[in-house]
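One-letter residues, chain by chain:
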Amino acid sequence: MNILVWLIPISLLLGGVGLLGFLYTLRSNQYEDPEGDARRILSDEWDDHPKP
Amino acid sequence: MTEAASFSACPACSAAPAADALAKGQARALRETHITLSVPAVHCAACISTVEHALAAAPGVAAARVNLTLKRASVETDGAVSAEDLVQVLARAGYEAHELDAGTLAATQTDRAGRDLLMRLAVAGFASMNVMLLSVSVWSGAEDATRDMFHWISAAITLPTIAFSGQPFFRNAWTALKAGRLNMDVPISLAIALALVTSLWETMLSGEHAYFDAALTLTFFLLAGRYLDHRTRAVARSAAEELAALEVPRAQRMLADGTSETVEVAALRPGDLIRVRPGGRMPVDGEITEGRSELDRSLLTGETVPVFAAPGQGVSAGEVNLTGPLTVRATAVGRDTSLHRMAELVAIAESGRSRYTSLADRAAKLYAPGVHILSALAFVGWWLYSGDLRTALNIAAAVLIITCPCALGLAVPAVTTAASGRLFKRGMLIKHETALERLAEVDTVVFDKTGTLTAGTPAPLDLDRYDRPTLELVLALAEGSSHPLSLALSKAIRAMGLAPARITDLTERPGYGTEARMGDRIVRLGRASWLGAAESDTTATYLDAGQGAPVAFRFTDALRPGAAEAVAALQAAGKEVILISGDSTAAVEALATRLGIGKWMAGALPGDKAARVSALQEKGAHVLMVGDGLNDTAALTTAHVSISPASALDAARVASDIVLLGGDLSPIPEALVTAQKATARIRENFRIATLYNVIAVPLAVVGLATPLVAAIAMSTSSITVSLNALRLR
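Chains A and B, in that order, are what the protein sequence lines are.
Residues are numbered in my numbering as their position in the first sequence, beginning at 1, plus a constant of 111.
Residues are numbered in my numbering as their position in the second sequence, beginning at 1, plus a constant of 330.
Each hint should be verified, as a subset may be incorrect.
Unchecked claim - So, partial list: chain B residues that the calculated Cβ filter (under 10 Å) puts toward chain A:
(1) Val372
(2) Val391
(3) Leu400
(4) Met459
(5) Leu464
(6) Arg924
Claimed, not checked - Partial pick of chain B residues on the chain A-facing surface, computed with a CB cut under 7 Å:
(7) Ala375
(8) Ser379
(9) Asn397
(10) Leu398
(11) Thr399
(12) Phe456
(13) Asn460
To be verified - Quick list of the computed label-pair ranges, beta carbon to beta carbon:
(14) B:Asp666 - A:Gly129: 52 to 58 Å
(15) A:Ile152 - B:Leu991: 57 to 63 Å
(16) A:Tyr142 - B:His383: 50 to 56 Å
(17) A:Pro163 - B:Gly390: 44 to 50 Å
(18) B:Ala410 - A:Ile152: 30 to 36 Å
(19) A:Trp157 - B:His373: 19 to 25 Å
(20) B:Ile1042 - A:Asn113: 28 to 34 Å
It should be emphasised that the hints constitute simulated quantities derived from the structure, not laboratory data.
For clarity, every value in this text was computed on a predicted model and none was experimentally measured.
No residue lacks a Cβ here, since even glycine has one placed at the ideal position from N, Cα and C.
Produce the complete structure using the sequences and hints provided.
What follows is the structure, given as structure tokens:
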């Protein structure tokens, strides 16, 4: 049962990372234009180098 | 439009003047550098880059970004470039664009409430997954110290989560209790609180059953319902706001040196001289000081025949200037205009929607006391029977959790989301939360004529009665003016394949008509009184060919697309269709005969319309009012449920529950059918939820409900209800 000492914190940590990731996307307005973002991936702008 | 800023789409916004003022202050600061354009035609990746590149290449533009979901482009500028310039830039790139008023949009730039709900939903989801993991271990046989540890960890996750995620329910429940009412949130809050207290107590005493997972899953499902509900309305609200924002409140104020400046309508003062171009709407009440033209008052009165306008004549805000430029001295501005006073009367009028209790509220009224009594009885019964407070409290908590309206909380939003999404695709915007339920009860449909059943654009009648030279002459004269009648004539004659006659010295006499020379004759096309002809009772224009008596060209109002189909479909569905208009008897009778409407009423004043609607409702009818003008707003508010087209006045759109986005009326009968289906589905969902309770409650009362049973009952009922709602598509 000692394994629980590791497993429980790990499961909480992983879930917490997911939650923080979601909160980050929410705060940085990534859900404002879902349709546009889906289309923008087809544009060949910034294909050669990332947007500065 | 003057009222764009003073009316808001949601009642809460108008109830918070401080927030409104704040938003306006921000808007003013924003306007300097930030321009929002509506670009309805963008639909693909290529459109995005074309529009963005075109805008970014324009001088003075710092950055431009397209939002494809909202079909808007937001542009950061250095303040030197105006929205009109950018509209031109996009027009050259092949995209139609309209400026959106930042002041009207600023309020919803970021959807704070939605984001807040989503945040709470995410936290609840995270916590319930983790706690469920621990609970499953307990159900599958963890014992003694391990079980206690799992319970303690669950408690440590659950308590802060509920304190954060459960806030919307606790707040609503508290507001309801303070007002002495019961709503759905009261049993929810009580169940969550009781579940936490008993679970904590059990954990302290190393007990077997803890309901931490149930409390969290409940919160998660209910928040999901809340969020769906919110999103449906947020979509409708932002689309409605965009309609309002399309009418940018600006006016041309004349300066002492004869030039003019563009100012915001809010900055106008009585005594200012304002220039109104042809096609522009009067921003103020006032008196004409210069210019001759014709005024279209159909949005205010329903009259289709334009009124002659000359210096000295009074005008009211909302009238549209048709032919010549006018200069108007303002006598009343903003809140003092007659338009605004009429619109305010509407706000006071008793609204059909305020008398309606939603299905969910009706269910809550039956449900909340029932559950509480049942739970209390279980508590008292077990206490008397076993004499053990702990067992009794456990049973009472189990009853509350099992009966908790998880499915009830999802029953309504899941269905309305599905139905509103379906109607939105057909071009209907459901603005009010109970609009669908009310729409399902409709048995009488009242239509306004001008601008609702008719498109508000005239179409010439019997052109083939005239000979070819006459038509060619009319075409030549009509092309000299942008008056709606002239435009209709030239379009119709061009469509017959004719070319204009040769005339010289073509001039427009604003307010009267056009005049030209044809050889040695003076030819004129215009008003009856100008040409000395006898006035007809329908809309008409007259041709004086310089020989013989003037010839009349009569017009009918073109039907809005889908109007005939909509009326026929409604009548076929057994609804009573009534036409009430402020226009003349002849025009109304002609249209009623054409559409096969038996009951009609002409020359109705705004008060008459509302009175007629409320008389019908007193007789027990459920009236759907479809109208667009200011003269309809009182009737729109009085009716059980109301629809207005997107071309309607802002005040009319605010007063109605549903806005038709396209020009087509044919979705209306379909919407009635969808609404009926949706309401049936909501009732079905209530029955499913009740059925689950009927099975699970006896188990809970006799003390057989374990946390596992509660979790299974809750999830299955919620999922069944959501799936049932999806069947609507």
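To test your reading of the hints: which numbers does this structure violate?
2, 6, 15, 16 and 17
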